[in-house]
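Trainee: Sequence:
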Amino acid sequence: MAEAVRIYRVVAVAAMFALFFFGGLLIALFLLPITWIAGPPRTAYLRCRRFISRGFASYLKLLEVLGLIRFSSDFDRHTERSPCVMVANHPTILDVVSIVAYTGPICVIIRHTATRNIFFSLLTRLCDHIIVREGSIQDAQTVMDEAVRRITELGETLLIFPEGTRSPVRGLHRFLRAPFDIAQKAKVPIVPIVVHCDPPVLKKGGSVVRWPNVLVQYHLEESAPIQVGPSRRDAIDARDRTYRLILARSEASRVDAADLGLELPSG
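Per my numbering, residue 1 is the first one in the sequence shown, and the count goes up by one each step.
Errors might be hidden in some of the hints.
Stated by the list, open to error - Once the Cα atoms are required to be at most 25 Å apart in a straight line, the calculated SDA-like pairs of lysine to any residue come out as:
| id | residue 1 | residue 2 |
| --- | --- | --- |
| 1 | Lys203 | Ala4 |
| 2 | Lys203 | Ile109 |
| 3 | Lys61 | Val194 |
| 4 | Lys203 | Ala252 |
| 5 | Lys203 | Ser72 |
| 6 | Lys187 | Val143 |
| 7 | Lys61 | Ala18 |
| 8 | Lys185 | Gly164 |
| 9 | Lys203 | Val132 |
| 10 | Lys187 | Arg174 |
| 11 | Lys203 | Asn117 |
| 12 | Lys203 | Ser73 |
| 13 | Lys203 | Phe17 |
The set of hints was computed from the structure by calculation and includes no laboratory data.
Full structure from sequences and hints, please.
Mentor: If you want it as structure tokens, here you go:
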């Protein structure tokens, strides 16, 4: 019986990821362009973002119906919020999907390597997200200026993963300072989002074949805003404070999972 459940979960996860990439590609190719038929560009890409946010929410619901993951959050879905820079740890490949599903038409800062996939490339451009190209100081400054403009002129909320890659199973990679510099220049707060996933799944280098034999608990925890002062030291302090907060909360959830007897990998 246990083996049958394991096989079901592996097949269900594989089918859901096929649906995500191939279904998403069809939507990006044929449905999202329709949103650009009428209205100015800003109206069009906001319409795209809202459509994608609702689509992601439906995708999460389907994962729940299939008995793979239970999603929860301590903040209201699609609530109006003042402009800010949201930063989060990044333990799974579902983090962008889940955060966008719960927060609505936010602007995501995405690494250029993620846009090598045609679906993500089309999605990024149609939704007017910001792409980061690595290795150029000039490009980094351009991204910084554009991010600040989105906040100050357009009133957008940004989502950035300050590790620049997916989080390790234990701990966090060092946080980049860029998100905190952006918040400082735009004079908006940092809003830490702690992503909890117990047992850890869909992590960097992971495989759907090793899907756990328990229902995965996935939770988004929004922490109190952190203000960034005007000096360089203030930006560094905000980064370090945010790092310690997210690290402490994410590690605490792992301890809770162990107490409940959930399956935790050794490395």
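Trainee: Sort out whether Val194 lies within 25 Å of Lys61, counting only the CA atoms.
Mentor: holds, 20 Å
Trainee: Are Lys203 and Asn117 close enough, with their CA atoms no more than 25 Å apart?
Mentor: Distance of about 18 Å is within 25 Å: holds.
Trainee: Are Lys203 and Ala252 close enough, with their CA atoms no more than 25 Å apart?
Mentor: holds, 18 Å
Trainee: Does Ser73 sit within 25 Å of Lys203, going by the straight-line distance between their CA atoms?
Mentor: Distance of about 20 Å is within 25 Å: holds.
Trainee: Would the pair Lys185 and Gly164 pass a check requiring their Cα atoms to be no farther apart than 25 Å?
Mentor: Holds. Lys185 to Gly164 sits at ~20 Å (cutoff 25 Å).
Trainee: Between the alpha carbons of Lys187 and Val143, is the straight-line distance 25 Å or under?
Mentor: Since the Cα atoms of Lys187 and Val143 sit roughly 17 Å apart, the hinted pair holds (cutoff 25 Å).
Trainee: Compare the distance between the alpha carbons of Lys61 and Ala18 with 25 Å, and conclude whether the hinted pair is satisfied.
Mentor: holds, 16 Å
Trainee: Lys203 and Val132 were given as a pair; does the straight-line alpha-carbon distance stay at or below 25 Å?
Mentor: Distance of about 22 Å is within 25 Å: holds.
Trainee: Are Lys203 and Phe17 close enough, with their CA atoms no more than 25 Å apart?
Mentor: Roughly 14 Å separates the two Cα atoms, so the pair holds.
Trainee: For Lys203 and Ile109, compute the direct alpha-carbon distance and say whether it is at most 25 Å.
Mentor: holds, 20 Å
Trainee: Are the Cα atoms of Lys203 and Ala4 separated by 25 Å or less?
Mentor: Judged against 25 Å, a Cα distance of about 24 Å means the pair holds.
Trainee: Would the pair Lys203 and Ser72 pass a check requiring their Cα atoms to be no farther apart than 25 Å?
Mentor: holds, 19 Å
This entry satisfies every hint, going by the numbered hints stated previously.
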